[in-house]
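Number of protein chains: 2
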Amino acid sequence: MTELKNDRFLRALMRQPVDRTPLWIMRQAGRYLPEYRATRAKAGNFLNLCKNPELCCEVTLQPIDRFDLDAAILFSDILTVPDAMGLGLGFHEGEGPRFANPVRTAADIDKLPIPDPEGELRYVMDAVRTIREGLDGRVPLIGFSGSPWTLAAYMVEGEGSRDFSKAKGMMFDRPELMEKLLDKLVQSVAAYLNGQIAAGAQAVMLFDTWGGLLSPRDYLRFSLEPMRRVIAQLKRENEGRKVPVMMFTKGGGQWLEAMADSGADALGLDWTTDIGEARRRVGDRVALQGNMDPNVLYASPERIREEVASILSAYGHGHGHVFNLGHGIHPGINPEHVAALVQAVRELSPAYHAPA
Amino acid sequence: MTELKNDRFLRALMRQPVDRTPLWIMRQAGRYLPEYRATRAKAGNFLNLCKNPELCCEVTLQPIDRFDLDAAILFSDILTVPDAMGLGLGFHEGEGPRFANPVRTAADIDKLPIPDPEGELRYVMDAVRTIREGLDGRVPLIGFSGSPWTLAAYMVEGEGSRDFSKAKGMMFDRPELMEKLLDKLVQSVAAYLNGQIAAGAQAVMLFDTWGGLLSPRDYLRFSLEPMRRVIAQLKRENEGRKVPVMMFTKGGGQWLEAMADSGADALGLDWTTDIGEARRRVGDRVALQGNMDPNVLYASPERIREEVASILSAYGHGHGHVFNLGHGIHPGINPEHVAALVQAVRELSPAYHAPA
Numbered sequence: 001m002t003e004l005k006n007d008r009f010l011r012a013l014m015r016q017p018v019d020r021t022p023l024w025i026m027r028q029a030g031r032y033l034p035e036y037r038a039t040r041a042k043a044g045n046f047l048n049l050c051k052n053p054e055l056c057c058e059v060t061l062q063p064i065d066r067f068d069l070d071a072a073i074l075f076s077d078i079l080t081v082p083d084a085m086g087l088g089l090g091f092h093e094g095e096g097p098r099f100a101n102p103v104r105t106a107a108d109i110d111k112l113p114i115p116d117p118e119g120e121l122r123y124v125m126d127a128v129r130t131i132r133e134g135l136d137g138r139v140p141l142i143g144f145s146g147s148p149w150t151l152a153a154y155m156v157e158g159e160g161s162r163d164f165s166k167a168k169g170m171m172f173d174r175p176e177l178m179e180k181l182l183d184k185l186v187q188s189v190a191a192y193l194n195g196q197i198a199a200g201a202q203a204v205m206l207f208d209t210w211g212g213l214l215s216p217r218d219y220l221r222f223s224l225e226p227m228r229r230v231i232a233q234l235k236r237e238n239e240g241r242k243v244p245v246m247m248f249t250k251g252g253g254q255w256l257e258a259m260a261d262s263g264a265d266a267l268g269l270d271w272t273t274d275i276g277e278a279r280r281r282v283g284d285r286v287a288l289q290g291n292m293d294p295n296v297l298y299a300s301p302e303r304i305r306e307e308v309a310s311i312l313s314a315y316g317h318g319h320g321h322v323f324n325l326g327h328g329i330h331p332g333i334n335p336e337h338v339a340a341l342v343q344a345v346r347e348l349s350p351a352y353h354a355p356a
Numbered sequence: 001m002t003e004l005k006n007d008r009f010l011r012a013l014m015r016q017p018v019d020r021t022p023l024w025i026m027r028q029a030g031r032y033l034p035e036y037r038a039t040r041a042k043a044g045n046f047l048n049l050c051k052n053p054e055l056c057c058e059v060t061l062q063p064i065d066r067f068d069l070d071a072a073i074l075f076s077d078i079l080t081v082p083d084a085m086g087l088g089l090g091f092h093e094g095e096g097p098r099f100a101n102p103v104r105t106a107a108d109i110d111k112l113p114i115p116d117p118e119g120e121l122r123y124v125m126d127a128v129r130t131i132r133e134g135l136d137g138r139v140p141l142i143g144f145s146g147s148p149w150t151l152a153a154y155m156v157e158g159e160g161s162r163d164f165s166k167a168k169g170m171m172f173d174r175p176e177l178m179e180k181l182l183d184k185l186v187q188s189v190a191a192y193l194n195g196q197i198a199a200g201a202q203a204v205m206l207f208d209t210w211g212g213l214l215s216p217r218d219y220l221r222f223s224l225e226p227m228r229r230v231i232a233q234l235k236r237e238n239e240g241r242k243v244p245v246m247m248f249t250k251g252g253g254q255w256l257e258a259m260a261d262s263g264a265d266a267l268g269l270d271w272t273t274d275i276g277e278a279r280r281r282v283g284d285r286v287a288l289q290g291n292m293d294p295n296v297l298y299a300s301p302e303r304i305r306e307e308v309a310s311i312l313s314a315y316g317h318g319h320g321h322v323f324n325l326g327h328g329i330h331p332g333i334n335p336e337h338v339a340a341l342v343q344a345v346r347e348l349s350p351a352y353h354a355p356a
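For the record, the sequence lines run as chains B and S. Residue numbers for the first sequence follow our numbering, beginning at 1 and rising by one. Residue numbers for the second sequence follow our numbering, beginning at 1 and rising by one.
One thing to keep in mind: the hints can contain errors.
Straight-line Cα separation of at most 25 Å, PhoX-like style, residue types lysine-lysine; simulated pairs [to be verified]:
1) S/K180 to S/K111
2) B/K250 to S/K250
3) S/K111 to S/K5
4) B/K250 to S/K166
5) S/K250 to B/K166
6) B/K5 to B/K235
7) S/K166 to S/K111
8) S/K180 to S/K5
9) S/K180 to S/K166
Computed Cβ-Cβ distance ranges for the label pairs, DEER-style [as the list claims (entries may be wrong)]:
10) B/P331 to S/E336: 38 to 48 Å
11) S/D65 to B/E306: 47 to 57 Å
12) B/K235 to S/E336: 48 to 58 Å
13) S/R217 to B/G318: 20 to 30 Å
14) S/E133 to B/E306: 52 to 62 Å
15) B/E95 to S/D65: 37 to 47 Å
16) S/E336 to B/F46: 39 to 49 Å
17) S/A41 to B/A258: 33 to 43 Å
18) S/K180 to B/E306: 36 to 46 Å
19) S/A351 to B/E95: 40 to 50 Å
20) S/M14 to B/D261: 38 to 48 Å
21) S/R281 to B/D163: 40 to 50 Å
22) B/A100 to S/A351: 46 to 56 Å
23) S/A41 to B/D163: 23 to 33 Å
Simulated from the structure, these hints should not be mistaken for lab results. Glycine included, each C-beta is placed from N, C-alpha and C at the ideal position.
Using the sequences and the accompanying hints, generate a full structural model.
See the structure below:
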């Protein structure tokens with residue numbers, strides 16, 4: 001195995017000292033980059049791109065080549081897992097993802113398989129292996145999965161939704177059915193992430209995009225508990241190094257204390273929580289990742305720098321912070337503004353890591 | 001003036017003793033009711049309905065006639081104010097609202113008028129007067145407005161949006177411009193609500209639909225502070241009775257302490273905050289309104305009753321609770337399920353108001 005040249009990101013996730021705050025950007029391989037749009041055009045469509053390990057590697061490396069980022073993240077989609085479970089994923093032009101076979105009944109749930117990572121999902125594992133080779137130890141590679149609840153919400157709804165009424169309808173009316181579906185997803189997601197770790201992912205992240213739509217009680221039961229069970233099943237060591245786990249519930253700022261007890265090493269934060277306040281709440285139990293509003297990148301480089309300064313200062317002195325946006329970068333962002341963000345973190349963060 | 005026969009709602013907002021927990025439902029006059037759909041068909045479209053005081057009165061009274069609710073709410077739309085400021089509101093079939101003339105520049109903001117409630121917005125004041133007559137003292141009438149930030153977000157964006165990038169772009173890049181717009185909206189909203197109070201509104205509510213999209217710092221500056229200034233300008237007494245003010249920031253559960261110091265008498269809660277926890281946080285400074293997930297109404301009457309029991313129990317014994325959903329009722333809900341909700345609150349809540 002190639003030696004890892006920049007382990008700042010992994011060290012920060014384990015709350016170990018670093019020289020400056022590491023940075024990566026959610027959706028850093030994305031439509032705001034002209035080189036991404038060129039590769040995607042070559043692939044024909046988004047799903048073809050996800051299913052082609054060479055092109056996945058190409059787009060995963062693009063932001064690493066362009067910017068001074070401290071981690072790469074597997075280019076893929078959270079809906080690969082339900083697709084491999086037989087739901088028939090499609091992306092229709094100008095709309096979001098949609099499943100041909102949504103899950104609605106006990107019989108639908110019974111017949112769902114637990115996908116073999118090296119079977120139906122081998123294209124993802126191949127992408128991980130190809131990217132690791134392509135990275136050649138420059139920065140660590142993050143693997144990821146949607147959380148069981150987030151995947152269940154899409155699988156029952158059949159598509160994206162403002163409030164996932166069908167999924168919540170099942171949860172409220174037939175909670176035992178929703179738990180059965182979540183059980184299958186816990187197994188599928190754990191196997192999927194373990195597959196990615198075995199293939200070379202050096203950290204993994206659970207994206208709980210829709211946990212924030214739940215009440216506190218339902219969040220704990222239907223979103224956090226399944227994530228906790230996934231994490232408990234992960235093989236968290238590879239190549240002689242701990243594989244840290246990050247958990248991100250969009251809109252989950254009210255539940256950080258519970259999330260910090262889930263087994264995750266780091267929590268992702270959106271921008272609705274002050275990161276200094278979050279740090280006081282979770283203490284030194286977990287690292288924190290975030291949390292600039294992606295819309296700040298529409299503003300001038302000077303304003304971007306001020307926002308970076310404000311977030312670094314809110315987190316304060318010491319280790320355990322990974323800089324990121326609080327959600328994925330928007331397609332309309334000027335890459336020059338991303339460069340300004342990267343430069344600001346590089347220049348302003350060392351002061352927070354200097355010996356006291 | 002007719003004597004108010006049921007003042008349970010107003011008393012609860014002022015944290016005075018009541019015999020049972022009062023209940024109303026956000027969007028209670030809406031598409032889930034066949035009688036509403038019939039009136040709307042008669043009006044031709046949504047804007048015609050909003051601009052016709054007699055039909056507004058008709059739909060406002062429909063849920064009061066059908067269910068045992070403790071308050072009526074003016075049928076209108078939060079975008080009447082920007083429309084009266086010259087933005088040209090339109091509702092296009094199958095889409096949301098859209099403005100013909102969005103606000104983008106300093107010149108756009110300079111030329112915005114402060115609408116006269118009895119001028120361009122007289123149709124709303126007429127609706128308030130007509131509804132008060134129609135209600136004949138059965139229950140109090142709630143007036144309302146969008147919050148300055150929520151209106152500004154629509155006015156800059158020009159339409160609804162997932163993350164209001166244009167509005168946030170102005171806020172991040174030209175905060176002084178956003179504040180200028182908010183100043184005009186503070187004046188407009190205060191005049192609008194005072195007009196409604198003078199016309200007969202017995203309580204008023206600020207709907208801050210998009211405050212939850214902000215960071216804590218930006219929420220305090222761009223959403224809460226303008227609401228505080230609106231509230232400070234309100235004439236909060238009418239017909240010898242205090243006119244309580246409710247404030248509802250969707251997704252604002254992290255900021256309840258600050259909201260409780262804004263001058264509002266009551267805070268609306270969405271379902272992502274436990275109402276008992278919220279009560280502990282705000283103490284006896286404000287009443288609380290909420291907070292059942294509207295999606296619960298898709299479940300069976302038995303499950304609805306369980307959820308009502310759970311929320312009543314979370315709030316606990318004593319006054320200061322107004323039962324409501326945590327967001328507007330969905331168009332697809334079966335009115336029989338609403339009847340089950342009403343019955344559950346009526347039957348289960350008196351126990352929480354019995355003398356200790």
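Status of each hint after checking the structure:
1. S/K180 to S/K111: 12 Å, holds
2. B/K250 to S/K250: 15 Å, holds
3. S/K111 to S/K5: Given pair S/K111, S/K5 is violated - Cα atoms ~45 Å apart, limit 25 Å.
4. B/K250 to S/K166: 21 Å, holds
5. S/K250 to B/K166: 21 Å, holds
6. B/K5 to B/K235: Status holds; Cα separation ~23 Å.
7. S/K166 to S/K111: Judged against 25 Å, a Cα distance of about 20 Å means the pair holds.
8. S/K180 to S/K5: 43 Å, violated
9. S/K180 to S/K166: Since the Cα atoms of S/K180 and S/K166 sit roughly 16 Å apart, the hinted pair holds (cutoff 25 Å).
10. B/P331 to S/E336: 38 to 48 Å: With Cβ atoms ~44 Å apart, the hint holds.
11. S/D65 to B/E306: 47 to 57 Å: With a Cβ separation near 55 Å, S/D65 and B/E306 satisfy 47 to 57 Å, so the hint holds.
12. B/K235 to S/E336: 48 to 58 Å: 51 Å, holds
13. S/R217 to B/G318: 20 to 30 Å: 22 Å, holds
14. S/E133 to B/E306: 52 to 62 Å: 54 Å, holds
15. B/E95 to S/D65: 37 to 47 Å: 40 Å, holds
16. S/E336 to B/F46: 39 to 49 Å: At 43 Å between Cβs, range holds.
17. S/A41 to B/A258: 33 to 43 Å: 48 Å, violated
18. S/K180 to B/E306: 36 to 46 Å: For B/E306 against S/K180, whose Cβ atoms are near 20 Å apart, the range 36 to 46 Å is violated.
19. S/A351 to B/E95: 40 to 50 Å: 49 Å, holds
20. S/M14 to B/D261: 38 to 48 Å: Because 40 Å falls inside the window, the suggested range holds.
21. S/R281 to B/D163: 40 to 50 Å: 25 Å, violated
22. B/A100 to S/A351: 46 to 56 Å: 50 Å Cβ-Cβ, so the 46 to 56 Å window holds.
23. S/A41 to B/D163: 23 to 33 Å: Holds: the Cβ-Cβ distance is about 26 Å, inside 23 to 33 Å.
Going through the hint list in order, the structure does not satisfy hints 3, 8, 17, 18, 21.
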